[in-house]
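A.B. asks: Reading the sequence shown from the start, the letters are residues 6 to 391 in our numbering.
Among the hints, a few may not be true.
When the alpha-carbon atoms are kept at most 30 Å apart in a straight line, the in silico DSBU-like pairs for lysine-lysine are as follows [unchecked claim]:
#	residue 1	residue 2
1	Lys144	Lys186
2	Lys219	Lys177
3	Lys75	Lys144
4	Lys144	Lys277
5	Lys162	Lys219
6	Lys144	Lys45
7	Lys193	Lys45
8	Lys299	Lys330
9	Lys277	Lys196
10	Lys186	Lys312
11	Lys219	Lys45
12	Lys162	Lys177
13	Lys127	Lys312
14	Lys206	Lys186
15	Lys330	Lys127
16	Lys196	Lys45
17	Lys177	Lys322
18	Lys277	Lys299
19	Lys127	Lys162
20	Lys97	Lys312
21	Lys162	Lys97
22	Lys193	Lys162
23	Lys177	Lys75
24	Lys196	Lys177
25	Lys330	Lys97
26	Lys97	Lys222
27	Lys196	Lys206
28	Lys75	Lys219
29	Lys186	Lys45
30	Lys127	Lys299
31	Lys75	Lys330
32	Lys162	Lys45
I should point out that these hints are in silico values taken from the structure, not numbers from a laboratory.
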Amino acid sequence: MMAIIQLNESHYDEVLNLSSYAFQYPLTQSERQERAIILKEQDIYGIFHDEQLAAKLHIYPFQIWFNGQKIEMGGIAGVATYPEYRRQGFVKDLLLHSLREMRRNGQSVSILHPFSIPFYRKYGWELFSYYVSVDFSVKELVLMEEPSGYMRRRTAKATLAELRTIYDEYAKTYSGILDRKDSWWQQKVVKDCEIAIYYTKEGSPTGYILYQVKDEKMIVDEFVALQHEARLGLWNFICQHDSMVQTITITLQEHDPLLYTCLHVKERIEQKPFGMVRIVDVQRFFTLCPFLLKENDEPLFLHVLDKQAPWNRGVFKLTEGTCTKVDEFAGNRAVVIEINHLSALLFGYKTVTDLFAIGAINGPEEEVERLAQMIPRNRPLLLDFF
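Put together the whole structure using the sequences plus the hints.
C.D. replies: See the structure below:
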C-alpha cells in the first residue's frame, strides 16, 4: 500500500488541478478561491508518486436523518486519479483508509454518488436512492383543484428560515436525507435559482419549489410538499407558467404522489440511480438506531460479512437498545447478511422479503421473520449532490 496522507491548504492547488483534469471542468482564479474555502470543510486524503499528487478522496462531515433522528455521516466525494496512475490500487487504498477514518471520527454510515455502481459495490456500498426526472410539454399542464392557501415567490435571503422549516419537517420522514446547514443552503441549494413557497390560508409554509425559467424551458430542481394541499398549490403554480415556457422538467423523489395525482405524461419519465450507502460501523450504528425489540424479547443474532472492515465481521447480539459483538452464540440461530445488503435493508431500499428471496439473507426462517418485524419502515431519500 502506498503512503496516504491527509492533505491541507498547502496542497489545495494540486487538489484542484486533479479535480479539474479528472472531471473535465476548467476553473477561473475566482472559482479556485471559492472552492478552496469549501475544501477547508472536508477531510481530504491523497497518495503521492514522484512528489506529485496521484490520487485523492474527500470526506464531507455531514449529518443525515435516519428513523427520525440525526446521525453522523461521511460523504465520499472527489475521488480521482491521474490516468497514468490508474489501475494500481490507489482508489482501493483510499477507500479502505476512508472507512478507518470515518469510524475513528464517529461517522457510522457513509454515502456517495457512484461513477460506477459495480465498482463501489465491491467495497460494501449499495444503491439506496433514486430520483425521477419528468419531461413534459406545456400542453400537458392541467390545473388541478384550487387549494385554500396561496403561493409567493421569495428570495433566498428573505426566506431561508422558512425553507429550512419545511425541509426539516420533510426530512424527518425519510432515511438518508442531509441535514442542511445554512452555509450548505446558501452555497449549494438556493444559489442561482428561483424560490416559490406555498402557504396555508393561516400563513404556515408547507411546501416549496426551487426552479429556473430560461429559453422557454422551466426546470424544477426541487419539489417538496408536506401535504397534498401544498402539492396542488405548487403544481398549479407551475401550470401558471404556460404562457412563458414550451417544456418543463421536474426532478422528484421516486415515491412522490405528484406522479399519481397531477402529471399526465406517458413516455418521458426516467428513473435514475443517485446514491449508494454503506454502514461503516455496525455496532455503533445499531446502538444509535436500536432495533424495535421489546424488553422481554429473545435476542437476535446477526452474522455480518464485510470483506473491507474487519471490525464489522462477526456475530452481533441485538437486544432492546443494545448491540454487542460476541464470539460465540447458542445454536445455529444467526441471520447471515453481507454489509451492502444490510445497508440497503436498514435504509429501506430493500425489504427482508426481497433479500431472502434472492439468497442475500440466510438463516432460520423464524429468525429472518423476526428481523423483518424489527426493521424501521422508512423510505430512503437523497436530494443533494456533493
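A.B. asks: Next step is simple, just say for each hint if it's right about the structure.
C.D. replies: Okay, the hints, checked on the actual structure:
1. Among the hinted pairs, Lys144 with Lys186 is inconsistent with the structure: their alpha-carbon atoms are about 39 Å apart, more than 30 Å.
2. Straight-line distance between C-alpha atoms of Lys219 and Lys177 comes to about 33 Å, which puts the hinted pair past the 30 Å bound.
3. A threshold of 30 Å between alpha carbons decides the hint, and for Lys75 with Lys144 the separation of about 43 Å lies outside it, so the pair is violated.
4. Annotation: proposed proximity of Lys144 to Lys277 holds, straight-line Cα distance about 25 Å (limit 30 Å).
5. Distance hint between Lys162 and Lys219 is fulfilled; the C-alpha atoms sit about 22 Å from each other, no more than 30 Å.
6. Taken as a hint, the Lys144 and Lys45 pair is broken in the structure, with Cα atoms around 48 Å apart against an allowance of 30 Å.
7. Under the criterion of a C-alpha separation no larger than 30 Å, the hint pairing Lys193 with Lys45 is consistent with the structure, at around 16 Å.
8. Restraint check for Lys299 and Lys330: satisfied, since their Cα atoms lie roughly 19 Å apart, inside the 30 Å limit.
9. As the CA atoms of Lys277 and Lys196 are separated by approximately 24 Å, the hinted pair is consistent with the 30 Å bound.
10. For the proposed pair Lys186 and Lys312, the alpha carbon gap of about 34 Å is over 30 Å, so the pair is violated.
11. Our distance criterion of 30 Å between C-alpha atoms is broken by Lys219 and Lys45, whose separation comes to about 34 Å.
12. For the given pair, Lys162 sits about 24 Å from Lys177 by alpha-carbon distance, which is consistent with the 30 Å threshold.
13. Straight-line distance between C-alpha atoms of Lys127 and Lys312 comes to about 9 Å, which keeps the hinted pair within the 30 Å bound.
14. Note on Lys206 and Lys186: the hinted pairing holds, with a Cα-Cα distance of about 29 Å set against a maximum of 30 Å.
15. Between the alpha carbons of Lys330 and Lys127 the distance comes to roughly 24 Å, so the proposed pair stays at or under 30 Å and holds.
16. With a C-alpha separation of about 20 Å, the suggested pairing of Lys196 with Lys45 holds against the 30 Å cut-off.
17. Pair hint Lys177 plus Lys322 holds up; C-alpha atoms about 28 Å apart against a cutoff of 30 Å.
18. For the suggested pair Lys277 and Lys299, the alpha carbons sit about 38 Å apart, so the restraint of at most 30 Å is broken.
19. For the suggested pair Lys127 and Lys162, the alpha carbons sit about 43 Å apart, so the restraint of at most 30 Å is broken.
20. Simply put, Lys97 and Lys312 have alpha-carbon atoms about 13 Å apart, close enough for the 30 Å limit, and the pair holds.
21. Taken as a hint, the Lys162 and Lys97 pair is broken in the structure, with Cα atoms around 42 Å apart against an allowance of 30 Å.
22. Proximity of Lys193 to Lys162 is assessed by CA-CA distance (about 14 Å); at most 30 Å being required, the pair is judged to hold.
23. Between Lys177 and Lys75, the direct Cα distance comes to roughly 9 Å. Compliance with the 30 Å bound is thereby established for this hinted pair.
24. Taking the CA atoms of Lys196 and Lys177, the gap is about 24 Å. The hint holds against a cut of 30 Å.
25. For the proposed pair Lys330 and Lys97, the alpha carbon gap of about 27 Å is at most 30 Å, so the pair holds.
26. Straight-line distance between C-alpha atoms of Lys97 and Lys222 comes to about 42 Å, which puts the hinted pair past the 30 Å bound.
27. For the hint pairing Lys196 with Lys206, the CA-to-CA distance comes to about 29 Å; that is within 30 Å, so the pair holds.
28. Taking the CA atoms of Lys75 and Lys219, the gap is about 37 Å. The hint is violated against a cut of 30 Å.
29. Using a Cα cut-off of 30 Å, the hinted pair Lys186 and Lys45 holds, with the two alpha carbons roughly 16 Å apart.
30. Taking the CA atoms of Lys127 and Lys299, the gap is near 35 Å; set against the 30 Å cutoff, the hint is violated.
31. For the given pair, Lys75 sits about 24 Å from Lys330 by alpha-carbon distance, which is consistent with the 30 Å threshold.
32. Between the alpha carbons of Lys162 and Lys45 the distance comes to roughly 24 Å, so the proposed pair stays at or under 30 Å and holds.
Hint compliance for this structure: hints 1, 2, 3, 6, 10, 11, 18, 19, 21, 26, 28, 30 are not met, and every other hint is.
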